[in-house]
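Asks: Protein chains in written order, with the numbering used here: chain A, -14 to 431; chain B, 931 to 1068.
Among the clues, some could well be false.
DSBU-like mimics (lysine-lysine), calculated; alpha carbons at most 35 Å apart, straight line [stated by the list, open to error]:
#1 B:K954 x A:K(-1)
#2 A:K245 x B:K1043
#3 A:K245 x B:K1029
#4 B:K962 x A:K8
#5 B:K1043 x A:K355
#6 A:K1 x B:K954
#7 A:K328 x B:K962
#8 A:K73 x A:K19
#9 A:K328 x A:K245
#10 A:K73 x A:K245
#11 A:K8 x B:K954
#12 B:K1029 x A:K355
#13 A:K(-1) x A:K245
#14 A:K1 x A:K328
#15 A:K8 x A:K338
#16 A:K19 x A:K189
Simulated from the structure, these hints should not be mistaken for lab results.
Letter by letter, the chains look like this.
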Amino acid sequence: MSEYFHSVRLDEEKCKGCTNCIKHCPTEAIRVRKGRARIIEERCIDCGECIRVCPNQAKVAITDDLDSIKKYRYSIALPAPSFYGQFKPELTPEIVHAGLIALGFDSVFPVALAAEAVSRAIRNYLEQQRERPRPLISSACPAVVRLVQVRFPSLLEHIIPLVSPMEIAGRVAREAAHRQTGFGPEEIGVFFLTPCPAKVTEVKQPAGDSSSVDGAISMSVVYGNLLRMMDNLNTASLSPVVSGIGIGWGRAGGENEAIKTGSLLAVDGIHCVISVLEEIERGGLEDIDYLEAQACTGGCIGGCLVPQNPFVARVRMGNLARSRQRVESGHMFPAELDYYCRKSPVPARPALKLADDPALALMRLEEAEKIVAELPGLDCGSCGSPSCRALAEDIVQGYARRSYCIFELRRRLQQLAEEIVELAQKQPPAMGREWSPARDEGEEHD
Amino acid sequence: MQLKFHVQRNDFSRAGQAAARIKKTLQLAGIKPAIIRKAIIVAYEAELNIVIHAYHGTITANISTGQIEILAQDEGPGIVDIDLAMQEGYSTAPPHIRKMGFGAGMGLPNIKKSSDSLEIYSAVGRGTLLRATIVIGD
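Throw the hints in and build the complete structure from the sequences for me.
Replies: Structure representation (structure tokens):
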């Protein structure tokens, strides 16, 4: 297995090498080589931006399929809060849960419940840990955590050292199932119904700790299968099991609404997240206590594995969150903060440096600056790198050549052509006289 | 390795661009995150000082394996009392700048805190030269 697992992959057959994806990648992790997009593994944060912009559907998210739940004696579905926003109002969360059971899961544990418990933990942490650097940054969106690892390592100490609702849901669900059924923890399969590839990666290769979740199944796949079963469901006597406050986490701003303490800032969309992180890095925003940051526009309902239009889902989520009264779930979750804390810190992923040796890196930097000054600066992407600057960085590392630039190539061809013309006009001394081949009877070929 | 940027009075929309480029460059050079953070703060505050107080100026970053030197040179009103300007909360920024959330009197103190050495030379009515260095340890 390679050093990094990634859910985001390339379908070689479909990729045309069009360079759309390389320009949208927030960590400049893609290059086009030999007509195919290549992902630089240590830079990829699985945000899914490339999946969204690829016109050929060549970027895909690898997820577990529905059949993988059969590998376990007992399987638990963990629907993400954003899942409920995919259905019309008459399909309540309880009916959706019944559908998941019909689909083959042995039980359902809503992540929304754990989200409520995690909200309480975050509130406690913010109130108790006043000396921690401000603002603290949410750890719920794995693409944002990875973005910080790669592009903002100096902000790692700002990431709140609490685990995500998905992790808590997986842990509590497995413990409860073990108590109820007597199955060993390894006989129980816990599956997250995911809105995005970043969560798949977080399950397969967590940043730091190990994951309590065994697999991640695409929300779209489950959605399609679920709708087919809905007609034959008996949903007469279902009592409410999730309240609105946890469901709200599925859309931008919902996490902060649930935390309700101090000065809270919410930002969504990866490029907006980047500009806020830059501001924190410059020493700004110390007046803010907590930053809810989500890579997808609109929050998790904007994930690239979500079937419904995110604006429609947003309205439905809002109505759901408002209309549902509280369901008491506190007894299911431990109260002590320790239960929610990460075991190990999130490490940095310095994937941007030009060389391990600082002196060599500086030399390459100088060289790259010189090359940038000579490149056209159009950032056309034809060379396969996202910008002229990125091409210069690739060249000094030996990953690319000057001739990859089509303008540079054209200039050199022009030069060469001029040289050929010039050369053609030079005559050896013995050929000094005007001279032309005999053409007098030249029409003979006609 | 040298980077140089022009900074214009009142150009708030572009304030931070020099700091951002310096950051990217230091990341490429493989400098430790904590050191980079200091350089960002120094560069950004120095950049803002020119935007707020001076007419125009330049930010220059000289990067070597041992240290990062950030020079901020401007033509402007200069600083009358440098010791006073170094005090936290002291500011000569006009009210409209403060309303924008800038000019809280933390610029020079923040630069001082984030740098290993700091020199400021100023001629009233002519301009200011600020030289901050950040040592790159092991």
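Asks: Next step is simple, just say for each hint if it's right about the structure.
Replies: Quick rundown of the hints versus the structure:
Restraint check: the Cα-Cα separation between B:K954 and A:K(-1) comes to about 33 Å, which is no more than 35 Å; the hinted pair holds. For the proposed pair A:K245 and B:K1043, the alpha carbon gap of about 33 Å is at most 35 Å, so the pair holds. Annotation: proposed proximity of A:K245 to B:K1029 holds, straight-line Cα distance about 27 Å (limit 35 Å). Annotation: proposed proximity of B:K962 to A:K8 holds, straight-line Cα distance about 27 Å (limit 35 Å).
Only pairs whose Cα atoms come within 35 Å are accepted, and B:K1043 paired with A:K355 is accepted, the gap being roughly 34 Å. Distance check on the hinted pair: A:K1 and B:K954 sit about 31 Å apart at the alpha-carbon level, within 35 Å; holds. About 24 Å separates the Cα atoms of A:K328 and B:K962, which keeps this hinted pair within 35 Å; it holds. In summary, the hint linking A:K73 to A:K19 is not supported, as the alpha carbons are separated by about 46 Å, beyond the 35 Å threshold.
For a cut-off of 35 Å, the pair hint linking A:K328 to A:K245 stands: about 26 Å separates their Cα positions. For a cut-off of 35 Å, the pair hint linking A:K73 to A:K245 stands: about 29 Å separates their Cα positions. As the CA atoms of A:K8 and B:K954 are separated by approximately 17 Å, the hinted pair is consistent with the 35 Å bound. Using a Cα cut-off of 35 Å, the hinted pair B:K1029 and A:K355 is violated, with the two alpha carbons roughly 42 Å apart.
Distance hint between A:K(-1) and A:K245 is unfulfilled; the C-alpha atoms sit about 46 Å from each other, more than 35 Å. Using a Cα cut-off of 35 Å, the hinted pair A:K1 and A:K328 is violated, with the two alpha carbons roughly 43 Å apart. Among the hinted pairs, A:K8 with A:K338 is consistent with the structure: their alpha-carbon atoms are about 20 Å apart, no more than 35 Å. Using a Cα cut-off of 35 Å, the hinted pair A:K19 and A:K189 holds, with the two alpha carbons roughly 30 Å apart.
Hint check: violations occur at hints 8, 12, 13, 14; the rest are consistent with the structure.
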